[in-house]
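Enquirer: Sequence:
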Amino acid sequence: MKPTVTAESQSPPSLTKREAEERAALISVNRYDIDVDVTDMLAGSDFRATSTVSFKCRKPGASTFVDAAFDVISVTLNGAPVSRDAITNGRITLDNLQADNVLVVESVQHETAAGEWVHRSVDKSDGEVYVWTSFEPDDARRAWACFDQPDLKAPHRFTVLAPARWIVVSNSGDPRVEPVFAKQTPPGDAKRWSFPDTPPLSTYVPVLTAGPYYELRSERGGFDLGLFSRQSLSKFLDRDADELFEVTAQGLAFFGENFGLPFPQKKYDQLFVPDMGGAMENHGCVLWSDAFVYRSDPTYLDRERRAIVLLHEMAHMWFGDMVTMRWWEDIWLNEAFAEWACYWSAEGATKFTDAWAGFAAGGKLWGYSADMSPTTHPIRQPVDDVAGAAASFDGITYPKGASVLKQLFVYVGTDAFVAGLKSYFAKHAWGNTELSDLMDELSTASGRDLSAWTKGWLDTAGTDRLELETTDDGAVLRATGPNGAEPRPHRVVIGVYDRDGEQMFRTAALSIETTGAETPVSGVGDAPLMLVNDDDLTFASVRPFAESLDTMLADAGKLPTAISRAVAFTTAWNMLVHGDLRSEEFVRCVLGVLRTESVESIIEPAFDLAVEAADYWSPDNDRDRLMADVADLAVELARDPARRKVALRALAQTAVTDAHFAVLASAVGDDVDLAWRTFVRRADVREIEHSEIEALQARDPDPDSWVRVLAVNAARPETSGKDTAWKAIIDEHRVPFGAVRGVARAFWRRSQPELALPYAEKYLQLLPQLDDFGMIPALTVSGGLFPASIAAESFIARATAAANDAKVSAIVRRTVIEACDKLARRLRARRL
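Take 1118 as the starting number for the sequence shown in this note's numbering and just add one per residue.
Some clues are possibly wrong.
As the list claims (entries may be wrong) - When the alpha-carbon atoms are kept at most 20 Å apart in a straight line, the in silico SDA-like pairs for lysine to any residue are as follows:
(1) Lys-1939 to Leu-1552
(2) Lys-1383 to Glu-1332
(3) Lys-1844 to Leu-1883
(4) Lys-1539 to Asp-1566
(5) Lys-1383 to Asp-1291
Stated by the list, open to error - Here are the simulated distance ranges between beta carbons:
(6) Val-1297 to Ala-1782: 51 to 61 Å
(7) Glu-1753 to Glu-1619: 10 to 20 Å
(8) Ser-1783 to Pro-1834: 19 to 29 Å
(9) Ala-1782 to Ser-1311: 56 to 66 Å
(10) Trp-1483 to Gly-1196: 47 to 57 Å
(11) Ser-1837 to Val-1297: 46 to 56 Å
In short, the hints are calculated from the structure, not lab data.
If you're wondering where the values come from, they're calculated on a predicted model, not measured in any experiment.
For every residue, glycine included, the Cβ atom is placed at its ideal position computed from N, Cα and C.
Work the whole structure out from these sequences, hints included.
Expert: In structure tokens, the structure reads:
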């Protein structure tokens, strides 16, 4: 074994924008040739790599550095060894560069249990081992040596030595596979996988994953589509494979046509991997958390949300992989566009034709919540280093960004928008861009000067308020900008509604482009309801006529379209979180919608809001009554086969009476998922025997059913189950990131305030450590484990102070302060 020098650290330096600009001005990368050996990972943790980087230097004799956050075995530059003194924390200094250079770095990464960068997972059900990589925003440097910044794109060629039983998957298709003699294995017990070159890619989107995967393939629309999971999830993947293949083919065709640039290779793989959080848009090889391989029959919304994630990651093949932002201040060019495009394509190409209504009722509310928090920021903001960029993966960049782009879509018009995108991709494919490159194409295509639009929408934080008021001449739409700023231009529809018996119908759709603080509105008349932002075209905190409010609350369920109903009850939700409406009024409104709602995209989000308002936003003396109101409606709707599953899930969260629990007991049958949900509720408010939990686990086909046991015991009003859950998440890191929020919801129960307090203090002590293992673990634990059940202003003050400690990372600080703001709003709502 050659001696090693560490360039590895839990906190290697974060690349600054200035450093990136200086390095990009000095060098260009020709290619990466990366040889990886994962044969040790069958039984151990070491990920071994040799990175050969060919690059040019514009100023021979100059110096730069390569990113390398691991143990370095050897380094040569242009055939000569590099001094050990040049290897520092996360970087290797490269001196006396030539015009053409070849760097070779041999390395080993020992830390492969973080759920980020390089991860090794052991399936507890069968002992099988799976290895995967995920690098956004700058974790490629933890796997192999590279110039880890988005504007130094280059082809990557991978060669992987792996155990013979394993399948290796990377960005490119058609690898050459051959048995080899490996010194640590007998002949034939390993194989070498040699992959063709990728297109020029930024360092964060190449990928490798290896293991004894279960694989399904389908030829559709001229593409070779692959789905992979661990073996223990094969029957669940089989159940949903046809729909996944269908949506994938539809998305590739839709984006290829509307962006004027077909996906450039035949192979498109999607792997559902263990222990991952979220999904990652690696070119041609998307990795997902295998929480998306549902262990029970999914609801319509489960399937729609999975399709949305599929299309979001696919949109990144264009917005991010083919055309990449130059620096992280334009991360919204990746994330906001992918988030907008996934809903656009879902409605335009798939069976999920009410996806925008589901967005309005669900994900968009995250954007509003983030934008009213003290941590709000412009969609585009200065980013001094990569660590600062990680904090931008939030509700501003994703749902607010998608909402703003939906507004831009209607502001410039469909034809101009699509023409601008086609021109953008034609000019910049496989390159790097800035905001101005895209806006120039959209301005040219639409004939509109978008400079004021850009400044207002992308460079200004906060949410405008649009309020409809009566005047002597009729009505005016009053626009108020955030914090005294000028209001943005809005293209908005005001729906004018009248009654026809028991139903409401739209008599007019007033399309208005706001101009400044006041925009006259004609055609309102004396209709009982004027719904501001009907069709949900803009991002704003809206208020109807004062005279319309009671009608909106009482008759939201009678409106004729799913999007109008979603706008009505989310307007009520916005009023609740701003302190303008009581929780009881909101619950009454949304239950009125649910009584007759038939569009599946909004049934489940509406129930979720009803449960949240009753459970967390209601005063103590109203909580059980409002929970019972939700439960009573759930019992009623459970008689309808089309709404039964969703209604029973809501009932399992809100059951209060013996009758409620009797309905659940009779409904469970073979529905193991419903049984687990019921057990969590029983553990909180009633009693449950350990023997019942053991019996349910024994008949659960889910290989991760132990996590459900953890959640049930965490919900008990006792410390033993909470101690075990806390240890599993924090100390042992064994709860998959896709399951952390579910366990945390069971853990933090509003009915157990005294039990929660010690753990809330432990949470605050954790904050400086949560960024040690990367972006996704930091986001998942800081957000998912936030003590949402604590009902004390003093805790909010302590949490805010703890988050502002200099040792806490930007991403954790933002997550905690945003959660504190939401908690403060809940407490104020309880006092109404």
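Enquirer: All hints, please: hold or fail.
Expert: Structure-based check of all given hints:
1. Lys-1939 to Leu-1552: violated, 32 Å
2. Lys-1383 to Glu-1332: Status holds; Cα separation ~17 Å.
3. Lys-1844 to Leu-1883: Roughly 13 Å separates the two Cα atoms, so the pair holds.
4. Lys-1539 to Asp-1566: Measuring from Cα to Cα gives roughly 19 Å; hence the hint holds.
5. Lys-1383 to Asp-1291: holds, 10 Å
6. Val-1297 to Ala-1782: 51 to 61 Å: holds, 58 Å
7. Glu-1753 to Glu-1619: 10 to 20 Å: holds, 18 Å
8. Ser-1783 to Pro-1834: 19 to 29 Å: At 26 Å between Cβs, range holds.
9. Ala-1782 to Ser-1311: 56 to 66 Å: Given about 58 Å between the Cβ atoms, the range holds.
10. Trp-1483 to Gly-1196: 47 to 57 Å: holds, 53 Å
11. Ser-1837 to Val-1297: 46 to 56 Å: Given range 46 to 56 Å: holds, Cβ gap about 51 Å.
Violated hint for the displayed structure: number 1, the only one.
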